[in-house]
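So you can see what is in the structure, the chains are spelled out below.
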Amino acid sequence: MREALKAAMTTSISEVLETMFFMTIEATEDTDWTDLTDSTASGEKLYASKINFKGPLSGTFFLMVPESILSAMTEMFMGLEENEVTETHLSGTILEAINIVAGNTFSKLDDQTVFDLEIPDSVETASLSSITQSTDKELIFYRIETPGGNLGLLLFYSV
Amino acid sequence: MIYKMLIVDDSLPMRAIIIRTIKASGFMETEFLQASNGEEALKVLGTEWLDLVITDYNMPDMNGMELIQRMKKDEILQAIPVLVVTTEGSREKVEAFIQEGAAGYVKKPFTPETIRFELTKILGEPENEGSIEGGDDDFDF
Chain A
1 MREALKAAMT TSISEVLETM FFMTIEATED TDWTDLTDST ASGEKLYASK
51 INFKGPLSGT FFLMVPESIL SAMTEMFMGL EENEVTETHL SGTILEAINI
101 VAGNTFSKLD DQTVFDLEIP DSVETASLSS ITQSTDKELI FYRIETPGGN
151 LGLLLFYSV
Chain B
1 MIYKMLIVDD SLPMRAIIIR TIKASGFMET EFLQASNGEE ALKVLGTEWL
51 DLVITDYNMP DMNGMELIQR MKKDEILQAI PVLVVTTEGS REKVEAFIQE
101 GAAGYVKKPF TPETIRFELT KILGEPENEG SIEGGDDDFD F
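Residue numbers (the numbering used here), protein chains in the order written: chain A, 1 to 159; chain B, 1 to 141.
Just so you know, these hints were derived from the structure itself, not from any lab.
Since the model is a prediction, treat every value here as computed from it, not as a measurement.
Worth double-checking, as some hints may not be accurate.
[Said to hold, decoys possible] Derived SDA-like pairs: lysine to any residue, alpha-carbon spacing no greater than 25 Å straight-line:
| # | chain 1 | residue 1 | chain 2 | residue 2 |
| --- | --- | --- | --- | --- |
| 1 | B | 93 | A | 60 |
| 2 | A | 108 | B | 72 |
| 3 | B | 93 | A | 1 |
| 4 | A | 108 | B | 69 |
| 5 | A | 54 | B | 69 |
| 6 | B | 23 | A | 75 |
| 7 | B | 107 | A | 27 |
| 8 | B | 93 | A | 110 |
| 9 | B | 93 | A | 80 |
| 10 | A | 108 | B | 90 |
| 11 | B | 23 | A | 89 |
| 12 | A | 108 | B | 95 |
| 13 | A | 54 | B | 65 |
| 14 | B | 72 | A | 116 |
| 15 | B | 107 | A | 33 |
| 16 | B | 93 | A | 45 |
| 17 | A | 54 | B | 28 |
| 18 | B | 107 | A | 76 |
| 19 | B | 107 | A | 135 |
| 20 | B | 23 | A | 85 |
| 21 | B | 107 | A | 34 |
| 22 | A | 54 | B | 99 |
| 23 | B | 107 | A | 32 |
Looking at chain B on its own, in the form it has when it is part of the complex:
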């Protein structure tokens, strides 16, 4: 199955490493869209149907929590699962993300195994199994 995911993070390097990590986790056929904050993400969500949104928390203009809240208020967008990938590590913040409707949470710094575990929990096992030890894109952890 080909998935379509939106990566929302104000850091270009972080978007790049999340994409590489997802590919190395076996989701190699995934199509990726990118946004640098919540507002940009909502614009993309207005035009594209997605299987998953992966968002940072701390971003300018609209943070990840506000993005989740806006999505959960929308009849259509509320069906799209959201995975939060962030440096925020306090239990209170993690619980708040889940309470607002996040499907999962990954704390930075992350390992490919953590990303794979959360993706599999949300989307199921990838059909095209990749190797975390490397892959077609020479990604070695």
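Just chain A, same shape as in the assembly:
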């Protein structure tokens, strides 16, 4: 199951970022995402979203995106100029991105099975470290390399 999930996640994130955001990416499995969540290290604000799901597996997907990349994604997604992008646009884009990535992952994993996705939500990035340390669930993390920098896609799940 873990290998199938990993394959579905990488195919899904590539497809979503290329089709909807026109970004070519390279996904690499990793175990450490502290450089992404530590805004003082990067000097840049980090946005994060999550979506809970239930079904044969239950758990949560998280997407972490630095502000500059999210801004570029939003401009591309909504057809806006850089100076037109607002906080509402940024948060709307990262919520929709995790929604599509999660739905697409489950379609790739098994289109015969129904997974119920909740409404996506924003995450306080400061809480990301404590959330990830306190879980007893299985964990998969991908570092997504883009020309503008790195994003993170994290999955917690249990069977």
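Once you have looked at the hints, place chain B on chain A.
For chain B alone, kept in the frame of chain A given last:
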């Protein structure tokens, strides 16, 4: 022909990209109305006659399936075709949408070609042909 469409999605960016995609698909004269869930959509449908409703599934307050069910129970609204655009990809869910009366289904992430194919199936070829490779609104795929 000028069409009037209602886009129902709780995501503002997604409503925006659906509208841009439809325009780039040749339906450039279309008038768009927007709602962020099924309840809001029903309010719009109570005051406006529409050629097409395009709805997401997973929305707060009233989801896309409930919206279709409510429309199909209404003598007037049941005549308006509904296209579902959603992340839900299981065959069971897709079949359920069609069984409830959806005229078509597009899975996110979508390409402009997929949207155009479904719109043409439901509404016919647009009179004002646009180019998917670009258009008046500088929309390049």
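Results for each hint:
This hinted pair checks out: residue 93 of chain B and residue 60 of chain A have alpha carbons roughly 21 Å apart, not beyond 25 Å. Taken as a hint, the residue 108 of chain A and residue 72 of chain B pair is broken in the structure, with Cα atoms around 31 Å apart against an allowance of 25 Å. The suggested pairing of residue 93 of chain B with residue 1 of chain A holds, with an alpha-carbon distance near 22 Å, which does not exceed 25 Å. About 28 Å separates the Cα atoms of residue 108 of chain A and residue 69 of chain B, which puts this hinted pair outside 25 Å; it is violated.
Proposed proximity of residue 54 of chain A and residue 69 of chain B is supported: the alpha carbons are some 24 Å apart, at most 25 Å. With a C-alpha separation of about 18 Å, the suggested pair residue 23 of chain B and residue 75 of chain A falls inside the 25 Å cut-off, and the hint holds. Of the pairs offered as hints, the one joining residue 107 of chain B and residue 27 of chain A holds, with about 23 Å between alpha carbons and a cut-off of 25 Å not exceeded. Simply put, residue 93 of chain B and residue 110 of chain A have alpha-carbon atoms about 13 Å apart, close enough for the 25 Å limit, and the pair holds.
The straight-line distance between the Cα atoms of residue 93 of chain B and residue 80 of chain A is roughly 33 Å, outside the 25 Å bound, and the hint therefore fails. Only pairs whose Cα atoms come within 25 Å are accepted, and residue 108 of chain A paired with residue 90 of chain B is accepted, the gap being roughly 9 Å. Of the pairs offered as hints, the one joining residue 23 of chain B and residue 89 of chain A holds, with about 21 Å between alpha carbons and a cut-off of 25 Å not exceeded. With a C-alpha separation of about 17 Å, the suggested pair residue 108 of chain A and residue 95 of chain B falls inside the 25 Å cut-off, and the hint holds.
Distance check on the hinted pair: residue 54 of chain A and residue 65 of chain B sit about 18 Å apart at the alpha-carbon level, within 25 Å; holds. About 24 Å separates the Cα atoms of residue 72 of chain B and residue 116 of chain A, which keeps this hinted pair within 25 Å; it holds. With a CA separation close to 31 Å, the supplied pair residue 107 of chain B and residue 33 of chain A exceeds the 25 Å bound. Pair hint residue 93 of chain B plus residue 45 of chain A does not hold up; C-alpha atoms about 38 Å apart against a cutoff of 25 Å.
In summary, the hint linking residue 54 of chain A to residue 28 of chain B is not supported, as the alpha carbons are separated by about 40 Å, beyond the 25 Å threshold. At roughly 20 Å between alpha-carbon atoms, residue 107 of chain B and residue 76 of chain A fall within 25 Å of each other, so this suggested pair holds. Using a Cα cut-off of 25 Å, the hinted pair residue 107 of chain B and residue 135 of chain A is violated, with the two alpha carbons roughly 32 Å apart. Annotation: proposed proximity of residue 23 of chain B to residue 85 of chain A holds, straight-line Cα distance about 21 Å (limit 25 Å).
Between residue 107 of chain B and residue 34 of chain A the alpha-carbon distance is near 34 Å, which puts this suggested pair outside the 25 Å criterion. Restraint check for residue 54 of chain A and residue 99 of chain B: satisfied, since their Cα atoms lie roughly 24 Å apart, inside the 25 Å limit. Note on residue 107 of chain B and residue 32 of chain A: the hinted pairing is violated, with a Cα-Cα distance of about 32 Å set against a maximum of 25 Å.
Taken one by one, the earlier hints fail for this structure at numbers 2, 4, 9, 15, 16, 17, 19, 21, 23, listed in ascending order.
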